[in-house]
Amino acid sequence: MLPDIVALTTSPSLSVPWWKVVYDFSSLTEWIDASLHNYMSPFWTTITEMLIIGVLILLFYAVIGLFLVYAERKVCAFMQNRLGPNRVGPFGIFQTIADLFKLLFKELIPIKNADGFLFNLAPFIVIIASFMAIAAIPFAKGLHAIDLNIGVLYVMAVSAMGVIGVLLAGWSSNNKYSLIGAMRSGAQIVSYELSVGLSIITIIILAGSMQLSVIVEAQRDGWFIFKGHIPAFIAFIVFLISSTAETNRGPFDLAEAESELTAGYHTEYSGIKFAFFFLAEYINMFIVASIAATVFLGGWMPFHVGHWVGFNYIMDFIPPFIWYIGKTFFVIFLMMWFKWTFPRLRIDQLLTLEWKYLLPINLVNVLIMAFIVLMGWHF
Amino acid sequence: MEEKEIITTPDEEQEYVINMGPQHPSTHGVLRLLVSLKGEKVKSIQPHVGYIHSGIEKMCESITYPQIIHLTDRMDYISAHINNEAVCLNVEKALEIDIPDRIKVIRTIMSELTRLQSHQLWWACFGMDLGGLTCFFYGLRDREKILDIFEETCGGRMIVSYNCPGGLMYDIHPNFQKRVKDFIKYFRKILPEYDQLLTGNVIFHERSRGIGKLTKEDAISFGVTGPTGRASGFSCDVRKHEPYSAYDRVQFKEILHTEGDTFARYIARIDEMWESMNIIEQLIDNIPEGPFAVKMKPVIKLPEGEYYQRVETARGELGVYIISDGNKNPYRVKFRSPNFSNLSVLNHIASGFKIADLVAIGGSLDLIIPDIDR
Amino acid sequence: MRSIINYLKEIIFGVWSLLKGMKVTGSYFFRPGTIVTQKYPSNRKDLVMFDRFKGEVVMPHNEKNEHKCTGCGICELNCPNGTIEIISKTIITEDGKKKKAIDKHIYRLSMCTFCALCVKTCPSNALAFSQKFEHAVFNRALLIKTLNKPGSQLMKGVE
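Protein chains in written order, with my numbering: chain A, 1 to 379; chain B, 380 to 753; chain C, 754 to 912.
Calculated Cβ distances over 12 Å to all of chain C for the following chain A residues:
1) Leu28
2) Gln95
3) Leu103
4) Leu153
5) Ile164
6) Met210
7) Val309
8) Gly310
Restraint-style ranges between C-beta atoms, simulated for each label pair:
9) Asn726/B with Leu374/A: 51 to 61 Å
10) Ile109/A with Asn726/B: 28 to 38 Å
11) Lys898/C with Asp574/B: 47 to 57 Å
12) Ile765/C with Asp33/A: 48 to 58 Å
FYI, nobody ran anything at the bench for these hints, they're computed from the structure.
The C-beta atom is built at its ideal place from N, Cα and C for all residues, glycine as well.
Next comes chain A alone, as it looks inside the complex (with noise of 0.2 Å):
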């Protein structure tokens, strides 16, 4: 009986106001923490804070995941001179939820002669990698799942392995159409992967480290698309391009290519499974996004510009998470605008550009940012 009672005199409260808690999360789960341990053991404590954060992303996850499609939908219905969804509730904003309904309740079709194993497996391969990704990545001031000392490389290895799921699910279709979006999806991946790391490696070279806390932290007083000059800015539209093709979209949707093969690797996907696919699709693209918000344009930081303190101080009011997926939509909707304009690219015609432009492009880039480095030219 007394432990209890001594236990909720002595239960930790919040160090700030609560509605300051919008600008520093840190608070907020630091209290978490030392109530839950106040009832748990360690050991159960550090279990709980992991089904909470799981929970929390899963939740996440699905929430942007929708919110994209439905974004998407009505990015490209505007560019297109239509209105998009329109029907299901106003302006058509629940129009994803009854699509997800629609895909939870459709037929999973059994394909005659597929491998079923592996045939089952790829959609979770994929939709784990993404998962995975988003785990690392610093949404606001100390709301940041796990924070790497190695993120950038965790974030881009895991997100890759993606394509595993890819690759599997057009090898055991039994399709050929399957198969010809499988193998182009990993001719793709193996070559772009290289322009993403590098790109990412330019700005690592004026971060000097690779934790994404400490890159969002670098960009105080500027962020690296600014500090960085003109490799920077070359190295964020080598990231678009390369990230955009990682992610099998855009013009370089060359997997599923659909006037070409239908719908590529995921031809022989029905319902909830096919609903994984297109899920990890709009979830990677927020990844890359995100990564890109962080690496580039600073992240969940504010917009601060050298020593106007009146105008910093401005800035600072918005709170960091509205920064946060203010910039990764500003990247989202930049990848979305390029997929509805240009036409698609053919296969070897990817990989000269990525070998052939990219590639020699960033080398120099790369060169040219850590002379900036090493002169002490950056801002």
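For this one, chain A is given, so just place chains B and C on it according to the hints.
Just chains B and C now, with coordinates in the frame of chain A:
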């Protein structure tokens, strides 16, 4: 568990054959292409036609001449009006009727509008074949304006049935001239936007230049006509060589290109859109007064004999061949459809290129499948 | 050196051409006024079709429930698909003569190809096109329509 058959043929002899169609996004209908692949490369293409065969030629033998018109709408449904015109011209030629100028001019304007909307749809679908989905909506958005003009005057949007032997079904709508002029004004502004979106695009250039080269000799020997043939330098514009309706009184260029690749076919069609607008502008203010149809006998009977009339549809040369035995029904009708000849060249020009190129070449030929199968 | 300049030129021109395309789509994105989509089922009330629109064949009746169809059968002859079937009856006119008149003018909408030959060839202009375009029904039998209304008569003065 059943034993799986082990394939023992050596790797080089095995063919990776995919069925493109009958249900495939880029065959624009129910065309079936049996494509042998080597990796991404296309080794050979075997078109299988007949999935939408509707027996139009046979049906024509049991119906009267005015009734044939509505069947030709269903052949090349994108240039329905020009098909109608071909049959009407042939019947009028057989009966030796003098057609008043008003009918000729209206027919020409309608034909050019048809050509324009056909090319708009082609542009839309070609962009979509290449992966630029936005093109599709822009093309269809502008085509809708022409279809509205058709609907107001003819009562139908695609299946117009506006011609009848001896003239037109109805007179033009009072709004017709104003609407057409508005449209030309609008489209002259929009067409450069098409260029910005697709023609100038570097990805599009890479995708289309030097792809699917068709030489002039091959174009002639395969009977490839229309913009496809003219892109290879084959001067085959029926409007120029054998003017019908009011084409002899308008100034227009025959669009000729010599490259013969996908890009040339693309540019030829874009240029034809400009030329069509020129033709319409020359005629729209000078529609002569007069009747919209010649008084015909209630039952049209063609004198015994064989009659042939060719016209230039949006895809090439359409020939209508009628054998009459003096009855109210034709003895035999044969349509020389441009798409059938244009399809025959596909294996010749697309083998050796990649799958994506096959889609681009197929798109640049602008095939309408019901016209192939009839 | 020249090849490097060409290489850079290629890149710059390529990027420029891409930006031009993005300008087009981007400009439409920020001009929602250019949207052409019609909200079809909700704009049904003020949706006006063109007066020549070929919706379906109807037989106009006047307020006294009279039509112009004499039952001559020309439309039936001219229809390429056998859409129209005319069932006639013999009536006795006021002055005691026997006369052929229409009993039922049957129109099968499911077979109609909207070629307008019946409307055009009708000698007494008894047929016309209505602007109704929503033809979907749950039962195929509903597509077989009788154009003359029950109890209708031939208009006076039409032979």
